[in-house]
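Chemist: Protein sequence lines, in the order shown, are assigned to chains S and H.
Just so you know, my numbering puts 203 at position 203 of the first sequence, and the rest follows in order with no gaps.
Just so you know, my numbering puts 89 at position 89 of the second sequence, and the rest follows in order with no gaps.
No lab work stands behind these hints: they were computed from the structure.
Heads up, a few of these hints could be off.
Unchecked claim - What follows is a list of derived Cβ distance ranges for each label pair:
1. Thr252(S) with Gly198(H): 20 to 28 Å
2. Ser133(S) with Phe30(H): 43 to 51 Å
3. Met1(S) with Gln199(H): 43 to 51 Å
4. Gly210(S) with Gln199(H): 49 to 57 Å
5. Arg227(H) with Gln63(S): 25 to 33 Å
6. Ser141(S) with Lys219(H): 20 to 28 Å
7. Glu274(S) with Arg227(H): 47 to 55 Å
Where is the CB? At the ideal position from N, CA and C, for every residue including glycine.
Listed below are the residues making up each chain.
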Amino acid sequence: MKRLQQQRQALGSDCLLTLVVDDAFNAEPMFISLWQQIGRFEATFSRFQPDSELTYVNEQAGQQTPVSSEFIALVTVAKDLAERTGGLYNPFVLPSLQRAGYKGSWPDPQAGLVQTDFTDRRLVPFSELRVGSTWVQLPTSAAIDFGGIGKGYLLDQLTDWLHAQGVDNYWLSLGGDILCSGNDVTGEPWTIGIQGVDQQHAVGTVQGKGGRLAIATSGVTKRRGPSWHHIIDPRTGRPADTDVLTATIATTAAVEADVFAKCAVIVGSSAAVEWLKSHTIDTYLVQYKKGTDVQILTEGNIT
Amino acid sequence: MSQFEVEHVQDVGDGARLLSLRPLTADDCFTYKAGQYVTVGFERFGRRSPVRCFSIVSSPSQPELQIAVRVEGKFTRALDEIQSGEIMYVQGPFGDFTLDPLYDRNVVFMAAGIGITPFISLLRQVRDQKLPCTITLLYRTGRSGDVLFKDELLQLQSQIPNFHIVFFTGERGKAQIPGAVILPESITERRLQQITAGQFGGVSYFICGPSGFMNSMEKILLRNGVRNDRIITESFNQSSKLSLGSHWSAQRLTYVFATLLLVVGVGGIMALDLDRTISKQVSAQTMNTMPNATANNSSSVTTDDSTTSTTPTPTTTTQTQQTYYQQPMSSVS
């Protein structure tokens, strides 16, 4: 067995693909295909590209807009998660996010294009979105963005594809969101580190059990000012006023880990544990600020 | 017909040469799209050569017009002797082997041998105009030495986001292209299914190479449900395309029909003699305007056998292969 790893910049971040295969020759087309799927996803759903399907849908707000089946699939997942989180996740936060200064892609969030600038629109409840079998209709004043779930959703898609190809041992990282399956080349389950607020050292690890394990971390540590970060609280339309610095969720679906981690940040440390338990999340690590110290709340298979 | 001066000649691998041409005057300039082709002729010993078709290698944003030539027959052998400063007669552009930036967002380029030339033009366009395309180039070569534009392709791969190349060398274990994905096999249906993740729909497929290669690729795509309008081919045998061009004016058609009526209407030896005379004239004039493209820059690459499948080990890894292993670490996304 061989462990092969490739790294590229995609989705505005570092992406790492690691496959454990018995035939390295067959891994090459798989890497190509994985990168192609990632590129295709970005071209379709990027809010930074003026000719992405997402930007087109935003431009057509107020009208029934024919969209691809991929768009319908993702918007359906987003709608489901918006309902399950009671609106704490809302893909209509884009105008608020842009008003908070995030018009461009990291690391230059202020470098947005006029065509993708929707700061003149407003945050509306996600229930106002209409979805048909081949079309969507945004409220006139709204703009949608899947930044909150995109990487997690894509990880789930990629892992489904890998399993269909007969690859069961791998880990994929899209900008720090990780999905692993099976074992390392040694036969041991994967061990995933959880980055501390210093963005350098691990403060914990999650041990896989051979099955599918998704881990996502959200936080406000990439902020560029004392209260300026990219996690918008849909209840206020402003960057979340929270003491949570990072929240890491481990579960089986990357899209859920992605969304629930953000929700844990939004609700704050005092409510995070209860909120996560009520959503059947039993493995998490929350780093929060207490005075000048960083405290950790953790539960489940994290050491 | 425009006149161009040969400005520069450059080797691009495997005996092929890249000719950079500049228009003699402003009137000789013409606009073209990446992926199109031109007909080219020149003079030898005071006589005008027949013309042949060549894909344009340059991108529209380049000041010079570039074509690539590999010696295959009399014409290309003569053309191979062209030196800087000589004059060439260029007509065109022709062809629809072009990208629609709004429609062709996800693209697979399939090239064999010298069929890579229009793709160089298309890739330069994608790079120069920063087109948001996701592109995979599947390049079927005869052996590792046959990789034309190797350096430029690898450079383009590093310059264009979401552009990946897979070299199919067809010869086990001999390919050495540092930083490239090399599969020592033919382009098979199984490989295509893997590379496209089985999602053949919503992708535009551009194919250029010898007819055997193009036929086998087209069959695979159609078998996997790709719509006809999503398969764009560029055959080196382009006489049919040319014949539908401006050369078939009403005047020429009238001439041909009148000639045919005359042949049918006149009997005996006189008619046969007349018939022969007219045929020679038509043939001679047609040769001056309709290039026999079958003998032009066709590739020496043999027909791709889509059923061939080998399972050797890879000879190199991709440029993104890590030299050290990074441990998984969940971080703020």
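Chemist: When the structure is checked against the list of hints, which entries are broken? Sort them ascending.
Modeler: 3, 4, 6
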